[in-house]
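Student: Sequence:
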Amino acid sequence: METNILERKMRRWPLYGGGLALLQAGLLAGCDRTAEPPAPPPAANLVAPVAATPAPQGPQRLILAFGDSLYAGYGLDRGQSLPDAVQARLRKDGINATIVNAGVSGDTSAAGRQRFAFALNNMTRKPDLILIGLGGNDVLRQISPDETRANMTAMMDEAKRRAIPVMLTGMMAPPNLGPDYTRAFNAIWPDLAKRYDAALYPFILDGVIGDGRLMQADRVHPSRTGVDRIAARVAPVVESALGRPR
Numbered sequence: 569m570e571t572n573i574l575e576r577k578m579r580r581w582p583l584y585g586g587g588l589a590l591l592q593a594g595l596l597a598g599c600d601r602t603a604e605p606p607a608p609p610p611a612a613n614l615v616a617p618v619a620a621t622p623a624p625q626g627p628q629r630l631i632l633a634f635g636d637s638l639y640a641g642y643g644l645d646r647g648q649s650l651p652d653a654v655q656a657r658l659r660k661d662g663i664n665a666t667i668v669n670a671g672v673s674g675d676t677s678a679a680g681r682q683r684f685a686f687a688l689n690n691m692t693r694k695p696d697l698i699l700i701g702l703g704g705n706d707v708l709r710q711i712s713p714d715e716t717r718a719n720m721t722a723m724m725d726e727a728k729r730r731a732i733p734v735m736l737t738g739m740m741a742p743p744n745l746g747p748d749y750t751r752a753f754n755a756i757w758p759d760l761a762k763r764y765d766a767a768l769y770p771f772i773l774d775g776v777i778g779d780g781r782l783m784q785a786d787r788v789h790p791s792r793t794g795v796d797r798i799a800a801r802v803a804p805v806v807e808s809a810l811g812r813p814r
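The numbering of the sequence shown is the working numbering, which starts it at 569 and goes up by one.
Careful, some of the hints might be misleading.
Claimed, not checked - Okay, derived cross-link-like pairs now, EDC-like style, lysine to aspartate or glutamate, Cα gap no bigger than 16 angstroms in a straight line:
| no. | residue 1 | residue 2 |
| --- | --- | --- |
| 1 | Lys728 | Asp786 |
| 2 | Lys694 | Asp645 |
| 3 | Lys660 | Asp796 |
| 4 | Lys728 | Asp774 |
| 5 | Lys660 | Asp765 |
| 6 | Lys762 | Asp725 |
As the list claims (entries may be wrong) - Simulated DEER-style distance windows between Cβ atoms:
| no. | residue 1 | residue 2 | range |
| --- | --- | --- | --- |
| 7 | Ala755 | Met691 | 25 to 33 angstroms |
| 8 | Ala785 | Ala623 | 30 to 38 angstroms |
| 9 | Lys728 | Ala785 | 19 to 27 angstroms |
| 10 | Asp748 | Arg781 | 29 to 37 angstroms |
Calculated directly from the structure, the hints in this document are not laboratory data. Quick caveat: nothing in here was measured; it's all calculated off a predicted structure. Heads up, the beta-carbon is just placed ideally off N, CA and C, and yes, glycines get one too.
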């Protein structure tokens, strides 16, 4: 199964062997936060339109990209984030997509849950799709999978209440956290995708993590080339999600 293939790849992920130690040493400060999620930031700082790229003709498809540093573009120049790259690919394929980037570096699922409704309320209109990419900071903190699942479920419930389809970009836990933690954590995203009929890209860093040519020096965040690799794989799933009948 695809999940098992991904799990084998994860064993080569440097984060698993050293990421938790790096966090303790403070080298992942760009990803980390205090234990208590802060109050939602001002709307102007929370929801930032992706850098402008030529838009094709046709109805606008508005997408909210809601996640952590992997969406925010940590360590990259403005206009080089994953939402930027996905938007560019969608437009190249003839889809008049506008992606609003609400990625916040350091967000756990709890912090995301706190600001989720706030982000949606500050959109210019109801989005056609929400991309949710959280969980990496939960792993770094070794937060209980039950807590992560509860937070993710709350966001899925809110999206369902508003009748907005969701696509999940999943995260996976390292094997060195133990089989019980790994099994419980990794099941969250496929379970939620099935329960809420959401599109799913199982592991956001698949094909990138562990390759120094595609990662930044911190070995946690993708480089611009790595982002392009992820976007090439994620964009077709986004296109499919946009076309799903509801």
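Student: Let me make sure I understand: some of the numbered hints might not hold for this structure. Which ones are they, in numerical order?
Tutor: Those not satisfied are hints 1, 2, 4, 5, 9.
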